[in-house]
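Participant: Protein chains in written order, with the UniProt record's numbering: chain A, 1 to 305; chain B, 1 to 381; chain C, 1 to 230.
Because the hints were derived from the structure by calculation, they are not lab data.
C-beta atoms are modelled at their ideal positions from N, C-alpha and C, and glycine is treated no differently.
Worth double-checking, as some hints may not be accurate.
[As the list claims (entries may be wrong)] Cβ pair distances, simulated, as ranges:
#1 A:His266 / B:Glu140: 33 to 43 Å
#2 B:Lys274 / A:Ile125: 28 to 38 Å
#3 C:Thr64 / A:Ile125: 39 to 49 Å
[As the list claims (entries may be wrong)] Covered stretches of chain C, going by a simulated chain A footprint (3 or more residues, C-beta under 8 Å):
#4 26-36
#5 61-74
#6 105-117
#7 133-143
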Amino acid sequence: MAKDIEISVSQGRFLIETLKQKVRLDGRRFDQMRDVDIELGKDRGDVMVTMGKTRVHCRISCEIAQPYEDRPFEGLFVISTETSPMAGPQFENGNNTGEDEVLCSRIIEKAVRRSGALDVEGLCIVAGSKCWAVRADVHFLNCDGGFIDASCIAVMTGLLHFKKPDVTVSGERVTVHPPEEREPVPLGVLHTPICVTFSFFNPEDTEENIKGESNNEISLIDATLSEELLRDGTLTITLNKNREVVQVSKAGGLPMDALTLMDCCHKAYNIVERLTDQVQRVIKEDEQTRNQYAAILSSENARES
Amino acid sequence: MSEPLEVRPVSFPAEILARIAPDLSIQRHLWLGLRPCLRSFTEFRDVSISEGGISRPLRSVTGATENDILGSNVLKSGSTIVITSITGGMVEETQPATGFDEGEQELRQMSLASDRLAKYGAVYPVVEVERGRLGAPTDEEMILSQRIHDNIISSGIIPKESLKVPVGVRSRNEDGTSEIFYSGDETGGADTRNFNLKRQWSFVLYAKIQVFSRDGPLFEMCWNSLMYALQRTLLPCAFVDERTTDLKIPVRVRGRSATIRETYDIQCDPTEFKPLKLNLGNISYGSNFGVIDLDPEAQVRQTDNEMEVDSPTSVLIADLQGEAEETSIKSTLSILTDGNGKLKHLSFVGGGAKIDTDAIRKSLSLSRERALDLKSRKEAT
Amino acid sequence: MADLTDFEAKFQVLTQVDGSARFESFGTSVLCSVTGPIEPKARQELPTQLALEIVVRPSKGVPTTREKLLEDKLRGVLTPVLVRYLYPRQLCQICFQILESGENEQFHSVRELSSCINAAFLALADAGVGLQNCFASCCAAVISNADQDVLINPSAEQLRNASSTHVLAFDSENGREPDSHLLLLESSGDFEEETLNKILDAGEKACLQTVQRLRQALKTKVEQDLVWRT
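Input sequences plus hints: build the corresponding full structure.
Facilitator: As structure tokens, this is what we get:
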């Protein structure tokens, strides 16, 4: 049964008390994200992201489909985030109607798909009749908080890593070349949005509507599961390396000081910059191991880059 | 204080025992050398079939043309009735771009030829087990449908070639009457040179398999019914209008974005049908078996002296029937064979009794006989 | 030649479930999690036995009837090997996430099925759910040539050319012969009785070998577990 997991009162009090003393249970600073480990699989577009104990697997795949009638020049892009009891007993198989699940998939959808991270026009093969349908399947394997942040990294790494088969088009006829025949082509990724989630705690019993100097509210980056269970409010900021805010999502909960938002954005930007570099480094390293003979076999002239 | 309690052995009539302790009831029957349905261990139920009764192509002669069923079958076995009706749809095939690189094309041909299963088409079955209520398909129905689908492909019954739509051209004569010409048609020899269709369509077949009065495992019955129905399936011919055969792709501009829409309007001929060509050698028929251990405790002792000691420890039961047999017999074997020694599918689930090679051999030979019997019924009709 | 029953196993990859294992073998990778015994929903509850909830999730796309069929076959294997009377009115959730299929998912599921069975054994042992016996599975393909060669654990490429494909599962206490018991045989394609016998022989050998290897993997895990360190 998909039961809501609960944290015991004593455990909860202890956690809040430690937060008041500016200590987190795992020893991190309040504005410190867990180390992100990105692992690429053998197939293209197969990514495993580990953040502490949280683990998310993402698989990108594509097939030929018909575009929407009102958007004949655009390909299709779907992100599917379905939960299973594997991630924890609080999740039910195939039931994504829970509030948290819906919110999580909406935020990922907005961060990646609606922000235009993937160039969907580049997926068009024959206008109005054939296009690539790219899908990203996010599998939540282990839940210890921070699903949104981890999924976003996984999807973006997957899109950067994935390559679709090359096609030849002549009129209406389309040939899809298998990878052993022609080198597949990468997807057009326009920018790399990264999500950073803040959790807010109000250690006082009463809610402060006017945030004065004596504000005791605590904000944490990248909460673990037990911190997520106790938090009073949450904010997800999606940014890219170009210092563009892609999305700010604050769905209810503890009201926050408007100026804190700017502060959060600044903190998030540093994290985003570091993570984007990490993603790109991982992709580049993988490319090198896959193509270790390319330098010898290629007949390209050396170019200035 | 209380009256002395008198404990009497309770005895149940056979039908009540079968309800409350199906496993015990079945054991008692087996010790008597019978099954609850009073068949012997390896006796199959009789099957009666009627074919094509509701399909449109076969009824069009009599003028009944109100449905879209291309092939059908009704199979009765025991109290169970399986009704299969085959319908179809058309999809456009993706045509490979040609004339680029000969080597590349050759490579593709080779890789296609080596993929055995890619050459065969499928039927998309939907099994409905009627229970007197509506709702989403149950797990059992989904599993049955998927099993049938997988086996249609893996046995290679329908070559993709035979699902291609034979496309004709409808041309309008001067006097206003229209005529349809098909390629390879003797009468329209002169017109066939106009066939320069750039596109190709193929049929997608659906099979709706309805089961009434479920009484035991269903996969084999559904499969057999589908096999009969497929062999009597006729596919319609289709045509496009003459003027569309050499039509350029029109572009309709709506605002800033251009919508490219094809005006190929393909229609099915209501009277012209051709039989679906199957790989008849790959047609197979199914039978199921169960293996159950005899429980010496359940033995009904008829006489005081012990029964023979060398009685078998497990028995092979053919054509399971009824809830008692279905739930008590945990080791089941399902076989699809064409009767000539070729096997198409074998599925053994060993939840109960251990199966030995003898039992496998015996069930294989029984299923071959059964398949030959089922096949002959098809020829008889 | 590489040993075809070779695999790589990892335990306790997940923390929110009672037992988990990742089974990887020649391009097929499966993650299995076991939660149980836990309280079941009313409609799942069995008065005298442990109820099973089996979930298979594909690596690409949403679960379809293909996964339902896999779940059904897995249920056929797992039901008899679990000691179900030990946990009446309780539920065991067994989830499989296919990470890499290692075969053409459109036509085949033999590699996925046999890897799932092996992963389930390791995860159930990790979770400490009572098992009647050890069990293991392998898949096989028959190449359409004159000799009808049997290949154990064929690759995706070999499956494409196979005239028939098979999945076998056996249980055995320690991987030595006389005590093994056929749990599952799923064959499809085009084959004969003689081929079937060859497959049963070859498959049994491979499964017994896998049982030994799985036991070895479990032994290594137990030795490394904190509890046993001195």
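Participant: Checked against the structure, which of the hints given earlier come out wrong?
Facilitator: 1, 3, 6, 7
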